[in-house]
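J.: Heads up: the sequence lines are chains A and B, in that order.
Numbering of the first sequence is given in numbering that gives the first Met the number 0, commencing with residue 0 and proceeding in unit increments.
Numbering of the second sequence is given in numbering that gives the first Met the number 0, commencing with residue 0 and proceeding in unit increments.
Keep in mind the hints are simulated off the structure, nothing from the lab.
Which copy is meant is left open, because identical chains are indistinguishable; a pair holds if it fits in one copy or across any two.
Below, in silico cross-link-like pairs of lysine to aspartate or glutamate (EDC-like), each with a Cα-Cα straight-line distance of 20 Å or less:
hint, residue 1, residue 2
1, 266, 216
2, 266, 115
3, 50, 216
4, 50, 14
Number of protein chains: 2
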Amino acid sequence: MHPFDQALQLQPLGDGAYQAETSPDYANMVGPFGGITSAVLLNAALQHPDKLGQPVALTVNFVAPIADGAYTVTARAARTNRSTQHWVIEARQATGVVALATAVFATRRTTWSAAEAQAPQDLPPPEQLTRMPTGKRPPWVRFYDMRFTEGDVFSGFDGQEYPDSRSCQWLRDDPPRPLDFPALASISDCFFPRIFLRRRRVAPIGTVSMTTYFHADAAALAAQGDRYLIGTARGLKFHNGFFDQSGEMWSHDGHLLASTHQTVYFKE
Amino acid sequence: MHPFDQALQLQPLGDGAYQAETSPDYANMVGPFGGITSAVLLNAALQHPDKLGQPVALTVNFVAPIADGAYTVTARAARTNRSTQHWVIEARQATGVVALATAVFATRRTTWSAAEAQAPQDLPPPEQLTRMPTGKRPPWVRFYDMRFTEGDVFSGFDGQEYPDSRSCQWLRDDPPRPLDFPALASISDCFFPRIFLRRRRVAPIGTVSMTTYFHADAAALAAQGDRYLIGTARGLKFHNGFFDQSGEMWSHDGHLLASTHQTVYFKE
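All chains should be built: construct the whole structure from the sequences, respecting the hints.
T.: Next up, the structure:
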């Protein structure tokens, strides 16, 4: 079984409740990688017998560090309309709530459609780029193959302030795995904290809230398969303990699959 | 009393529950303007005796149309940490849940800070621009004074498809009112649906989820007062029933006060 699928596993406890287990593979500095927590919470709604349609929006609030071991995830459809469904999802440990999510699911119909944002052009193919070393990084980084064309943060840690936080990279699960909604939710949290790019050093940070919009439907996920995605990201403002960052996940051939936003606590 | 403050009013029912009332002033095509609903939900946490610090993130899911009249808002602090607090806020009518929000509050400390995104430069002052007419628009539009420098959508409805959805405008409450967090939450929903800009016609739409990050602290709000803000917005993708849009709210002198993102249902 792929380590990602292992980490996603949920044991149904009835009434929309599931038991989950933290994965040593997707561990971060403190507690799990936020992407895997997002994927597990989304998965609780995806597994729920009342599920309608596909995810279009997911917000995860990282309430408290999740301790290694078991936790409970409860998914509740607060309302099911004709074509949309609104979820509240909570993760709990003995200490109380540790993560909170809302999700919107919908049945999509064919409508007028148009791209506005454009994927980066003329990137060298991933095979011509060097993979980011994962040696001194937290465990989860080993399970993503990342190849930067811009903003390869860890290679430039000179402590000199840098004027922008843009990055552009190829990335995919390692080992490769066909893209699905949990994987897209997780990989949308792969953008390293923008403050590392601005300050060119590591510092204590923690995402407090992350929102992902899924532009991909099931057909777009199938067309992507296990190929490399393109990821682009940047921050807008860093101010008194919090900064934001936004990113886009593009398919191998330049279609926007997800856009993602987060606000992140930082210490100093 | 300012119509916005009237619309914000909450009668405490005890245990974090409040009675709210829809405002005919801030009505939209169907139900209330999403901005006012966001402000009311945020206000329930702001009024709560357990409140810690200031809002840094707010996500509102618009679950079902809110019928004219009374509704109940319940705010619950799911977790209070040393410097952050996580809220779940629900609005209900007899039909069930009508809106759902999560919010993150925090006490901010002085840290390294930096702007990355830059406000639009060299805009003509609002006094030199014409106010957008509000005559044939829904009621809420009358309570915002909007002056466009780009993307004045309603003036260009020729039904011809347009390649981008960018807009730039001055805007403020009308009558002018000193900016606070509820007002900033509300005004962040003032960006007209990007699909109107792309297709140059009105069509049935409804925001399903909106997330706002507050970069402003109380000092930045006080410095803004009741002056005009600058608002910039654009969409990334329109696909099979949903599109996203993102916007920034800048102070009169170019500081980023909030960034906002939403995903919107559209019909055809």
